Amino acid sequence: MIQQYPQQVNQQNMMILPSTNAVAALVLSIIGILGSLFYGLGIIFAIPGLVLANGALRITNQFPNHPDSGLAKAAQVCGWIGIGLASAFILFVVLAGVLYVWASSL
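Reminder that position 6 of the sequence shown reads as 6 in my numbering, one-by-one numbering, no gaps.
Treat the hints as calculated values from the structure; they're not laboratory data.
Owing to the predicted nature of the structure, the values given are computational and were not obtained by experimental measurement.
Yeah, the Cβ is synthetic: ideal placement off N, Cα and C, and Gly gets one too.
You may find that some hints are simply not true.
To be verified - Here are the computed distance ranges between Cβ atoms for each label pair: (1) Trp102 with Phe38: 37 to 45 Å; (2) Ala103 with Tyr39: 16 to 24 Å; (3) Pro18 with Leu91: 38 to 46 Å; (4) Leu17 with Val94: 43 to 51 Å; (5) Pro18 with Ile90: 22 to 30 Å; (6) Gly70 with Leu34: 41 to 49 Å; (7) Ala103 with Ser19: 50 to 58 Å.
Given only the sequences and the hints, what does the whole structure look like? Please build it.
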């Protein structure tokens, strides 16, 4: 005869953490870094990525040990890098155009 023992279930106080857009922010920020090499067009993706990352960080800072906190911080860093690279490339293209016009007028 087989005896069946009642199973004890350990119920812990599990808190349901709110979801964030950290993955989407990281994807947009990485596309922004790559896109900044194409005439600075990556700024179109880097700015929304940074906005989403800041929103995700606002949520993750309220809950310690939130699993998306690292992704949100990485998205924020990548977003700023993408904005910086795109801005530098746009400035370079504008300066190159100004120098070309100035040199051709001599």
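(message) Does the beta carbon distance between leucine 17 and valine 94 stay inside 43 to 51 Å, or does it fall outside?
(response) 45 Å, holds
(message) Given the hint of 41 to 49 Å, is the C-beta distance from glycine 70 to leucine 34 inside that range or not?
(response) 21 Å, violated
(message) Is 37 to 45 Å respected by the C-beta to C-beta distance linking tryptophan 102 and phenylalanine 38?
(response) Between tryptophan 102 and phenylalanine 38, where Cβ atoms are some 26 Å apart, the hint is violated.
(message) The hint says 50 to 58 Å between alanine 103 and serine 19; measuring C-beta to C-beta, is that right?
(response) 55 Å, holds
(message) For the hint 16 to 24 Å, verify it against the beta carbon of alanine 103 and that of tyrosine 39.
(response) The hinted range 16 to 24 Å holds for alanine 103 and tyrosine 39, with Cβ atoms some 21 Å apart.
(request) For the range 22 to 30 Å, tell me whether the beta carbons of proline 18 and isoleucine 90 fit it or not. (result) 36 Å, violated
(request) Take a look at whether the Cβ-Cβ distance between proline 18 and leucine 91 falls inside 38 to 46 Å. (result) Distance hint for proline 18, leucine 91 holds at roughly 39 Å.
This entry does not satisfy hints 1, 5, 6, going by the numbered hints stated previously.
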